[in-house]
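Those protein sequence lines, which keep their order, are chains A and B. 1 is the number of the first residue of the first sequence in this note's numbering; add one for each residue after it. 1 is the number of the first residue of the second sequence in this note's numbering; add one for each residue after it.
By construction, these hints were calculated from the structure, which means they are not laboratory data. Any given hint could turn out to be false.
Here are some, though not all, of the chain B residues that point toward chain A, as calculated from beta-carbon distances under 8 Å [what the hints assert, rightly or not]:
1) 34
2) 146
3) 161
Note that CB positions come from ideal geometry on N, CA and C, so glycine has one too.
Protein chains: 2
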Amino acid sequence: MSAHVSTNSATDQRLADDRALIESRLHAALSAEPGVPDRLARAMRHSLLGGGKRLRPVLLLWAHDALAGARREDALTAGVALEMVHTYSLIHDDLPAMDDDDLRRGRATCHVAFDEATAILAGDALLTRAFALLSRVPGLGADLVGILADAAGPAGMVGGQQEDLDAEGVELTSDLVRRIHLGKTARLIAAPLAMGAILAGADRKAVAGMEQAGLMLGLAFQAADDVLDASADSATLGKTAGKDAAAGKPTWVRLEGLEKAQARARRYGLEGTETLAGLLKPGPAAENLQFLCRALWERSR
Amino acid sequence: MSAHVSTNSATDQRLADDRALIESRLHAALSAEPGVPDRLARAMRHSLLGGGKRLRPVLLLWAHDALAGARREDALTAGVALEMVHTYSLIHDDLPAMDDDDLRRGRATCHVAFDEATAILAGDALLTRAFALLSRVPGLGADLVGILADAAGPAGMVGGQQEDLDAEGVELTSDLVRRIHLGKTARLIAAPLAMGAILAGADRKAVAGMEQAGLMLGLAFQAADDVLDASADSATLGKTAGKDAAAGKPTWVRLEGLEKAQARARRYGLEGTETLAGLLKPGPAAENLQFLCRALWERSR
Numbered sequence: 001m002s003a004h005v006s007t008n009s010a011t012d013q014r015l016a017d018d019r020a021l022i023e024s025r026l027h028a029a030l031s032a033e034p035g036v037p038d039r040l041a042r043a044m045r046h047s048l049l050g051g052g053k054r055l056r057p058v059l060l061l062w063a064h065d066a067l068a069g070a071r072r073e074d075a076l077t078a079g080v081a082l083e084m085v086h087t088y089s090l091i092h093d094d095l096p097a098m099d100d101d102d103l104r105r106g107r108a109t110c111h112v113a114f115d116e117a118t119a120i121l122a123g124d125a126l127l128t129r130a131f132a133l134l135s136r137v138p139g140l141g142a143d144l145v146g147i148l149a150d151a152a153g154p155a156g157m158v159g160g161q162q163e164d165l166d167a168e169g170v171e172l173t174s175d176l177v178r179r180i181h182l183g184k185t186a187r188l189i190a191a192p193l194a195m196g197a198i199l200a201g202a203d204r205k206a207v208a209g210m211e212q213a214g215l216m217l218g219l220a221f222q223a224a225d226d227v228l229d230a231s232a233d234s235a236t237l238g239k240t241a242g243k244d245a246a247a248g249k250p251t252w253v254r255l256e257g258l259e260k261a262q263a264r265a266r267r268y269g270l271e272g273t274e275t276l277a278g279l280l281k282p283g284p285a286a287e288n289l290q291f292l293c294r295a296l297w298e299r300s301r
Numbered sequence: 001m002s003a004h005v006s007t008n009s010a011t012d013q014r015l016a017d018d019r020a021l022i023e024s025r026l027h028a029a030l031s032a033e034p035g036v037p038d039r040l041a042r043a044m045r046h047s048l049l050g051g052g053k054r055l056r057p058v059l060l061l062w063a064h065d066a067l068a069g070a071r072r073e074d075a076l077t078a079g080v081a082l083e084m085v086h087t088y089s090l091i092h093d094d095l096p097a098m099d100d101d102d103l104r105r106g107r108a109t110c111h112v113a114f115d116e117a118t119a120i121l122a123g124d125a126l127l128t129r130a131f132a133l134l135s136r137v138p139g140l141g142a143d144l145v146g147i148l149a150d151a152a153g154p155a156g157m158v159g160g161q162q163e164d165l166d167a168e169g170v171e172l173t174s175d176l177v178r179r180i181h182l183g184k185t186a187r188l189i190a191a192p193l194a195m196g197a198i199l200a201g202a203d204r205k206a207v208a209g210m211e212q213a214g215l216m217l218g219l220a221f222q223a224a225d226d227v228l229d230a231s232a233d234s235a236t237l238g239k240t241a242g243k244d245a246a247a248g249k250p251t252w253v254r255l256e257g258l259e260k261a262q263a264r265a266r267r268y269g270l271e272g273t274e275t276l277a278g279l280l281k282p283g284p285a286a287e288n289l290q291f292l293c294r295a296l297w298e299r300s301r
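The following block holds chain A by itself, in its conformation from the complex (with noise of 0.2 Å):
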């Protein structure tokens, strides 16, 4: 992604400044609360704060802006609860009884450093840390927990990694893996548009649109992902195919091919960049969130 940001070097000063504001707020964050006992503190800190692009904080903070709301130290807080549901989601997913993962950025990941005990709880208590703090965002509070809780949910994320486990050893069907790319990738895409819409104070219908154009670029980023996966591996020494592919992930390389995931992602992405577009008023930061937003599937090309 950084490789396309910096052919705009304003986009790119703007992302550096923005990945630094939110950094500090994360921080401060697992700062703010008393009474959490140390070693859960520290579990929490060491995935929260190891690294990250912050993709999905400054989605939020960029469609916010986009819809030129003024409400820029809300969309941060609800940017580091974003974040603490992605992390959380990272963390349970490493665990030997799901991915059984010992790096994640190069770094131990949560289980490995601590134990497993203390990486199941420091999930939960990222997840339910991210509730509290979107609940007090003033007025917005209800409508922020709804949309994110339901993107992350049993009908969301959590039943596309369901998914995903329940499809090892099965015969993929494009549903399916659309499905599962849904709940797995795209809602947690889609949401930040929603919820830096709704901080903006955007319409219902905008907010929709918002949603929308987030579940197909958040279709995209996976399709592109599955493609960068599957064509970073052949090119290397002699490895016959992607480490997706080889686990029985349900990718459309799998199912349908490099080529034609590499059209699906394309398709995908211009019709979530179309949409977008058609919500934005042209400005610099409706082309800051453009940009980012063509970058999470251009990567594959």
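Using the hints, position chain B against chain A.
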């Protein structure tokens, strides 16, 4: 508990009726959401509908009634959310990495009936769904989410579970035991009283008073539980200590012996009962709530 409650037949009937009502709302809440993968939905049902006294939802409902609230339907919704959070905590607590329990209320625990990954996700799903439900209570969604998320979060229940784990092999102090019991147990007894008060339209001071009463009653409940655990076991064929004491759990019995622990349960219980009495107008609904609250700790005598 039921032995005590049955000494008053009107209260007893009310309890049976309200439990039936809660049971029916729990069923409905899990059927209402489309798009939940089948295996995940079954795991959530297995644990949420697997019996239980529904103590926390009844406390919430009766606190609402005792303060002359007129929002019973919303109190039932909040009670369902609360029971979902309680159930999630049991599912995660029972995992092999945590307490490693195979049985809960005479049935297989979630990870035994399904598998570990599904149990982790079912817990995550119930927690997230609880906040989605609460957020939609008209006008009070944000307040209710805030109270429950604080009670269940890293400075509350999850923190208590972490300290419980970390306490194994550590020398106990009364400060530590009290803090663990507050987090693990009392916060989720205080939350229903505070939530019921908020739904009844009580003022800030009354809500804080109900919460304070709940913390004391929660401490009494846990102390009484430890006493029961220890005395039941010593009464049974040749066992020398309670299960929890043997497992090195932080209990009052382990720290200061059976008699002092019994006195402590009574002291906390009376303090909570008195605080509560000062907040309620006399009448049948207040009597029901006081009856239930005494039953939390009088079991030990």
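Now the hints, each set against the structure:
Taking 8 Å as the C-beta contact cut-off toward chain A, the hint placing residue 34 of chain B at the interface holds, the least distance being around 7 Å. Nearest Cβ of chain A to the Cβ of residue 146 of chain B: about 4 Å, under the 8 Å cut. The hint holds. Annotation: interface hint on residue 161 of chain B holds; nearest CB of chain A at approximately 6 Å, less than 8 Å.
In this structure, every one of the numbered hints holds.
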